[in-house]
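Trainee: Chains as they are written, first to last, in the numbering used here: chain C, 675 to 971; chain V, 67 to 460.
Hints listed in this document are in silico derivations from the structure and should not be mistaken for laboratory results.
Owing to the predicted nature of the structure, the values given are computational and were not obtained by experimental measurement.
Beta carbons are placed, not taken as given, at the ideal position from N, Cα and C, and that holds for glycine.
Take these hints with a grain of salt, some might be off.
Unchecked claim - With the Cβ distance kept under 7 Å, some of the chain V side facing chain C (calculated, not the full set): (1) Val88; (2) Ala133; (3) Ala135; (4) Phe447.
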Amino acid sequence: MDKDLFVYGHTACAGCGQSLASRLVLEAAGKNTIVVNNTGCLEVFSTGYPESCWGVPFIHSLFENAAAVASGIESALKYLGKKDKINVLAQGGDGGTADIGLQALSGMLERGHDVLYICYDNEAYMNTGIQRSGLTPLDTNTTTSPIGEKSLGNPRPKKPLLEIVNAHGIAYAATASVGYPQDVQRKVKKALSLLGPKFLHLHVPCPLGWRHEPRQTILVARLAVETGLFPLVEYENGVLMGVRKIKPKPVEEYLKLQARFRHILNKPEELKRIQEGADFNIQRYNLKLEEAENREV
Amino acid sequence: MKKFLEGSRAVAEAIRLCKPGVISAYPITPQTHIVEELAQMVANGELKAEFVNVESEHSAASCVLGASATGVRSYTASSSQGILLMGEVLFNIAGMRLPVILTCANRAVSAPINIWNDQQDSVSMRDTGWIQLYVENNQEAVDFHFIAYRLAEDKSILLPVMVCMDGFILTHGIESVDIPEGEKVDKFLPAYQLPYKLDVENPLTLGPLVGPDYYMETRYAIQQTMKDALGVLPKLAKEFKEIFGRDYQDLLVEEYQVKGAKKVIVAMGSVCGTIKEVVDQMRAKGKKIGLLKIMCFRPFPYERVYQALKDVPKVAVLDKALSLGAQAPLAEEIKVACWGKKKAPKIISSFVAGLGGRDITAESIKEIYRRLNQKEVSLDFIDLKPELLKEKYG
Numbered sequence: 675m676d677k678d679l680f681v682y683g684h685t686a687c688a689g690c691g692q693s694l695a696s697r698l699v700l701e702a703a704g705k706n707t708i709v710v711n712n713t714g715c716l717e718v719f720s721t722g723y724p725e726s727c728w729g730v731p732f733i734h735s736l737f738e739n740a741a742a743v744a745s746g747i748e749s750a751l752k753y754l755g756k757k758d759k760i761n762v763l764a765q766g767g768d769g770g771t772a773d774i775g776l777q778a779l780s781g782m783l784e785r786g787h788d789v790l791y792i793c794y795d796n797e798a799y800m801n802t803g804i805q806r807s808g809l810t811p812l813d814t815n816t817t818t819s820p821i822g823e824k825s826l827g828n829p830r831p832k833k834p835l836l837e838i839v840n841a842h843g844i845a846y847a848a849t850a851s852v853g854y855p856q857d858v859q860r861k862v863k864k865a866l867s868l869l870g871p872k873f874l875h876l877h878v879p880c881p882l883g884w885r886h887e888p889r890q891t892i893l894v895a896r897l898a899v900e901t902g903l904f905p906l907v908e909y910e911n912g913v914l915m916g917v918r919k920i921k922p923k924p925v926e927e928y929l930k931l932q933a934r935f936r937h938i939l940n941k942p943e944e945l946k947r948i949q950e951g952a953d954f955n956i957q958r959y960n961l962k963l964e965e966a967e968n969r970e971v
Numbered sequence: 067m068k069k070f071l072e073g074s075r076a077v078a079e080a081i082r083l084c085k086p087g088v089i090s091a092y093p094i095t096p097q098t099h100i101v102e103e104l105a106q107m108v109a110n111g112e113l114k115a116e117f118v119n120v121e122s123e124h125s126a127a128s129c130v131l132g133a134s135a136t137g138v139r140s141y142t143a144s145s146s147q148g149i150l151l152m153g154e155v156l157f158n159i160a161g162m163r164l165p166v167i168l169t170c171a172n173r174a175v176s177a178p179i180n181i182w183n184d185q186q187d188s189v190s191m192r193d194t195g196w197i198q199l200y201v202e203n204n205q206e207a208v209d210f211h212f213i214a215y216r217l218a219e220d221k222s223i224l225l226p227v228m229v230c231m232d233g234f235i236l237t238h239g240i241e242s243v244d245i246p247e248g249e250k251v252d253k254f255l256p257a258y259q260l261p262y263k264l265d266v267e268n269p270l271t272l273g274p275l276v277g278p279d280y281y282m283e284t285r286y287a288i289q290q291t292m293k294d295a296l297g298v299l300p301k302l303a304k305e306f307k308e309i310f311g312r313d314y315q316d317l318l319v320e321e322y323q324v325k326g327a328k329k330v331i332v333a334m335g336s337v338c339g340t341i342k343e344v345v346d347q348m349r350a351k352g353k354k355i356g357l358l359k360i361m362c363f364r365p366f367p368y369e370r371v372y373q374a375l376k377d378v379p380k381v382a383v384l385d386k387a388l389s390l391g392a393q394a395p396l397a398e399e400i401k402v403a404c405w406g407k408k409k410a411p412k413i414i415s416s417f418v419a420g421l422g423g424r425d426i427t428a429e430s431i432k433e434i435y436r437r438l439n440q441k442e443v444s445l446d447f448i449d450l451k452p453e454l455l456k457e458k459y460g
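The following block holds chain C by itself, in its conformation from the complex (with noise of 0.2 Å):
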C-alpha cells in the first residue's frame, strides 16, 4: 500500500470523513494515479497555495467538470499510450457529482472511459455552509431547508444516485462507507482492476454540518449503514454482486446523534417515514442478517 500519497497538514475541521476517505482511497490506488477533483471541500482544503497535500499528479478544474476533464486525461493517456499503467481518479462531493455535475458524470460514464469517479458523499454542500443537495436526506435541517413552523427541513429523500449511475450499464458501481475503512479500500482495488467506467459513491461524515460530535464519525458513518439508511452494494455490469449484512438498528440510533435531526426526534410520524426508508433498503438488498449467518460481520 502507498502511503504518503495524501499528506498530513491540510485544513479539513475535526473529525472529517471525506480527508480520511480520500487518504484511503488514494492509498489504496496507488501512486500511479491522476486526481481530477471538482471544486468543494476537499480541493479546498489539501491545495492552498504553496502547499499541497497531493504526492500524485492533481488537477483542479471547476466545480461541475472533473468527469469531463478525467475524460480528456484519459484521452490524452490512450493518444499517448500510457492508459495501461495509469489510473484516472475523478472526485466530486456530492452537489458537485449528484447536482452540477450530473451531466458530465453521464457523459464520462456514456463514452465508456476508463475512470474511476468517487462520489464522497456528506449529504449537502458543506464548503459553502451547509446548503441542502440533492443527495441531501429527508428532513435534514440545511440552512437552505431549514426547520420553521411550515417546514420539517429538506422535504424529500436523496437522489438514486447509485441507480441513476447503475442505469448507464458501466462495469462497477459500488456504495461504501468511510466507517469501514478495508472495505473502501478493497472496493477501490476492484474497481480499478476493471477497464472502463467505474463508480463509488462513498457515504462521509461531516462534524460540522452533521453536528455530531467530531470523535463519532465512525461511529455516525457505521449507524448509517446499519440502519439501511445507507446500504453497502456493489454491483458489476449491472449486476449485484454483494451487499454488506447487517442486524438493523432503530434508525433514531443513527438520528439521535446529530443536531441536524433533532427538530424530528420527537415527532413519531417523520421518524416513522425515514424508518420505511430504512426498511425499503433493507427488503430491497435483503440486507437482513440471517442467524445462521451472524458469524460473518
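Given the coordinates of chain C, work out where chain V should sit on it, guided by the hints.
Mentor: Coordinates of chain V only, in the frame set by chain C:
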C-alpha cells in the same frame, strides 16, 4: 497545394496538419462541419487522435483542458451559445495557462435565437484571457491556426488562442485555398512541449486554491503576457512568410490603402473583403479611402493602431457586436488607442452592422464612408429597418 474547399473543410485540413492528439467538440451550427470533417479523418485513419464526442460545450472545453494538461496538443471548436456555455471553462483554461486552440465559427447569440453570423459570441469572451485572432478569408482561416498553435505554445506565452471566423460566410463559403505540405507545418510548429503537466513521475498540483496573497500576481502575469504576445506575433509573421510565402504584415493589423487616406474604416473578419472591394472601386475614382483590418483583437494592439490612424482625419469603426448600453466593443478600443494624443483623427464614428446575419453589402460600406462627411457618430446602426421598430406594447 491549392484546393477548392469549403471553409470548414479547409480548417479541418489545417488542424490535421497540426496533429492534435485529442479533439473534443459538441455540435452547433455553423461550427459543426469542421468537427465532422475531423471525425471523418480520425475514422479514416488519416489523423491519429482521440475524438471525444462530449455531451455539452462545457464538457468539450473541459475535455481539452484535461488533455492539454496531460501534455497532449488539443483542439475544439464552437459557436454562439456553445461559446457562452464554455465561458466558465475558457476563463479556467487561460488561468491555468494551457495552450488550447479553439475555432469560433462566429454566430449571433440568443434571444431571439438566430444561427447567422455576427461576432457577439467571441467578442463577449474578450476578457477570458484568450488571445483572439480574426480572419478575413479561408486562407487566413487555414494559416492562422498554424500561427495560433505556435503562438499559444511559445514558452514565453502559454495562453490559449481562439481563431474567429465568420459563420456561414467563411465556414460554408467555398474558396480556393493553399493547403501547405505537412513538412512546412512541422518546420513552423514544433512538437507540443508543456513545461508543467500531469505526470506521475513528477507529481504537480494544478489548479490549487489561491488566496489574496497570490491571486493578483496570476492575473498580472497574464496581462503582461498579453503585451508580450504583441511582440511575438510580428516575429511569427516574418517566420511564416519565410516558410509559407504569405505575408500577413505584423499579424496585428493589416493596413489596406491607409497611407494618405482621408477616410478609413476599421473592422475585423470577413467584412474586410467587402470593404477592400469598395476601397478599390472608390480609389479608382480618386477617393482617398482605406481599411484598417484588426487581426489581433486580444491582446489589443493599441500602439500599432494609433500609428496606423494618427494621420487619418476621419475614421469609422464597424462593429458586428455590441456591448449593450455602452460603446461598441471595437469602437471603444479604437477611441482608447487615440485618446489623449495631440495628433489623432478628428472624427471617430462608430457603426454597428450585420447583426444576426444581415448582409453587409458594398452599399452598406459606402454609406459608412458617406456618414464620415457628417459630424461624429457616437454609435449608429447601419441598414436598420425603422418600419420594424414602430410596434409597441401597451
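Trainee: Next, verify each hint and record whether it holds.
Mentor: Results of checking the hints against the structure:
Below 7 Å, beta-carbon pairs count as interface contacts, and valine 88(V) has one with chain C at about 5 Å; its hint therefore holds. Contact between alanine 133(V) and chain C, as hinted, is supported at the beta carbon level, the nearest pair being about 4 Å apart and thus within 7 Å. For the restraint placing alanine 135(V) at the interface with chain C, the shortest Cβ-Cβ distance is roughly 6 Å, inside the 7 Å limit, so the hint holds. Given the 7 Å rule on beta carbons, the hint for phenylalanine 447(V) is violated: about 37 Å separates it from the nearest Cβ of chain C.
The structure shown violates just one earlier hint, number 4.
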